[in-house]
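Peer 1: Chains A and B are the protein sequences, given in the same order.
Under my numbering, the first residue of the first sequence is numbered 1, with each subsequent residue one higher.
Under my numbering, the first residue of the second sequence is numbered 1001, with each subsequent residue one higher.
No lab work stands behind these hints, which were simulated from the structure alone.
As the structure is a computational prediction, the values presented were derived from the model and not from experiment.
Any given hint might turn out to be false.
[Said to hold, decoys possible] Using 25 Å as the maximum straight-line C-alpha spacing, the simulated DSS-like pairs for lysine-lysine come out as follows:
#1 B:1381 with A:100
#2 A:141 with B:1381
#3 A:82 with A:100
#4 B:1381 with A:82
#5 A:89 with A:100
#6 B:1381 with A:97
#7 A:82 with A:97
#8 B:1334 with B:1266
#9 B:1334 with A:7
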Amino acid sequence: MKSRHKKLILIAVVLLALGAVAALVLNAFQSNLVFFFSPTQVANGEAPLERAFRIGGLVEDGSLRREPDGVTAHFRITDTAKTIPVTYKGLLPDLFKEGKGVVAEGRMNPGGVFVAEQVLAKHDENYMPPEAADALEQAQKSQKTLITPQDSASTQKGKQ
Amino acid sequence: MIPELGHFALILALLLALVQGVLPLVGAARNNPAWIAVARPAARAQFLFVAIAFCALAWSFLSNDFSVINVTRNSHSRLPEIYRFTATWGSHEGSMLLWTFILGMWTVAVTLFSRHLSDDMVARVVGVMGLVSFGFLLFMLATSNPFLRMDMAMDGSDLNPLLQDPGMVVHPPILYMGYVGFSVAFAFAIAALLSGKLDASWARWSRPWTTAAWAFLTIGIMMGSWWAYYELGWGGWWFWDPVENASLMPWLVGTALIHSLAVTEKRGSFKAWTVFLAIGAFSLSLLGTFLVRSGVLSSVHSFATDPTRGLFILIFLASVIGSSLFLFAMRASKVGLGGRFALISRESFLMVNNILLLTATGSVLLGTLYPLFLDALGLGKISVGPPYFNSVFIPLVTPLIFLAGVGPLTRWTQVNVPELAHRLKWGFGASVVAALLLPFTQGTWQPMVSLGILLALWIVVTVAIGVRARVRTSAGWSANFYGMHLAHLGVAVTVIGVTMVSSYQVERNMRMAVGETVTVQGYTFRFDGVTDITGPNYTGARGTLEVSQNGKPFTTLHPEKRIYVASGMPFTESAIDYGLTRDLYTALGERLEDGAWSVRLFHKPFVVWIWIGSVLMALGGFMAITDRRYRASRKKGRAAA
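With these hints in hand, go ahead and build the complete structure from the sequences.
Peer 2: Have a look at this one:
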């Protein structure tokens, strides 16, 4: 009888702990998910204003400008349909280049500028971040035109 | 000619793996000594042919045979020789070959060090490993043949610059020693399920193998973390990147497994649970290998992939995990649960340890796989960032480390709580006081720093109490006992490193003109401009940063910015002054006007403790393997036989 009691207590404690842990994990998970939006979606106001998200596309040619402090950069991310201005304070990754794919994580400020906290580097010159490729593809579909930026999304996709 | 030889050797190895996988298992089931006896020679012959294939591939790389596609894609005639050799496993195909090669090494090791084991047990273990090897060889020959030829290319497209580093010479083989090492524990577990025999001697036999694999994996992960720190140029040591998570998951389950094996050996409890963990650790190793190497995840480790590969991988994973879990469901009751224990006992502490470790694994698995599932189902792209993992890990690891302190001081079966509290009250009090005061030495008090220091000190204090008690009873040397305590001390050291660097690091990204000085945490950096450099397969700029402390010259650091010629890939090579209490980390950003550069200057307190602690954990593991008990029973076993 006594050992059965103990077993019950043990099971109750374990279940309670597991429940608490599950709540903790799922809560943390829920509040730390970062969603991805293409420049078109952001321009259409689909992206949240109050939480961080990711944006991806190409760095528009000729858009990169540095402030005199040498570490604040302004550039625009495009999916060939819409363009979003971005600012980032910090050193840009090695493979950041105009005309190449990029993914940035941050928030929109009230002025409609995306303030990036992180600009993601990819490890290979020819590699297109899947998010960026996806954004380009969607933009192309919606435009129903045959404009392909250099390193078009469709050829890049085959490489992934 | 040589690549064809390698290809042919792989085909022979495949056939031998099939023989090694089928005959001994059937023989053990039917009690056919002739078929059982096939196990050892088949395993050794299979390894011989895999080794021939491996050497053939290495030779193709070393001799710049650019008619082999794999060589063309991953090497270059001006690549230094050592990296031409390591490029052997720098590609997807090559890394699969390395995996199989290491699996062969472990299998041969089992055939050599198992004379005390009954022949049918060896046959089952070797057979299971043969089947795993068969799967990998089939995968390679069907979808990822490293020896494919094409028209002779003029030159290669070079190895990814990130992989041209001494750390990459050893990181993949050591990591694979860990991943693949769990196949031994897995094979022992399957053998136990097949035979229905799972006793203390079974646990004693699988323990050193599991601990060895775990220690290798620890070192492998530690090297990957250190490599990321100095090679990626932004000074992080852990990014919660899916690739890192893929190696962390088998490590967490492996850690649970070595603790659960201890209970199974000493008390005969947790039997079915141990078998389950062994299956889990190896399944996650497989998942990790494929996640990282198949291109599902985008990272430095992944390569262009084709759908047949993905399909093969899914089928392989599903059949290994599915069949072993099915077997587990059918036979676990035969293995039995094992002995009883009280609510508060060393067993129950270790059970909580296991639950916490598995919960941690589950939360990492969720954060790693959920985005992949959503993407595969076309439900949008999301990512799960470090804040999730941090907020989940700290509450899980805190009780885990607390128990790591108490657990070793407790008795099996039943703990006398008042007596334990009496033993620990001074140590606990001292840890709390010191943990509250110590952060002030670093300037500001932060609650997370106190928590981290408390956990570390708690381990140190309890290890001291445990060791003192053992010395007093003059119980003599026990590699197992001291190995465990060394590994626990390693945890404390790592916790200190993580705590300090997370709370007190100072990062400055800024523009520096030539001659300009900046002071970070008492160190003054003067930028003396850059000079042009030319390496064997790159050109670039080499910066000079004069570091002084209190006006006295301290050191000179030379961070570099390289452009690799063949790939045109720019690359940041950081320069670090390592120290026991702090690292000075510098890297070049971009060339600005008038010879100025954007520069990274980081002050990272205690960061090396993270890796020193990991090395101590691994050393503790290796030490425990040398325990006399494992050898003594070998002699006993031989005498009995």
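Peer 1: Identify every previously stated hint that the structure contradicts and give their numbers, smallest first.
Peer 2: The structure conflicts with no hint, since it agrees with every one listed earlier.
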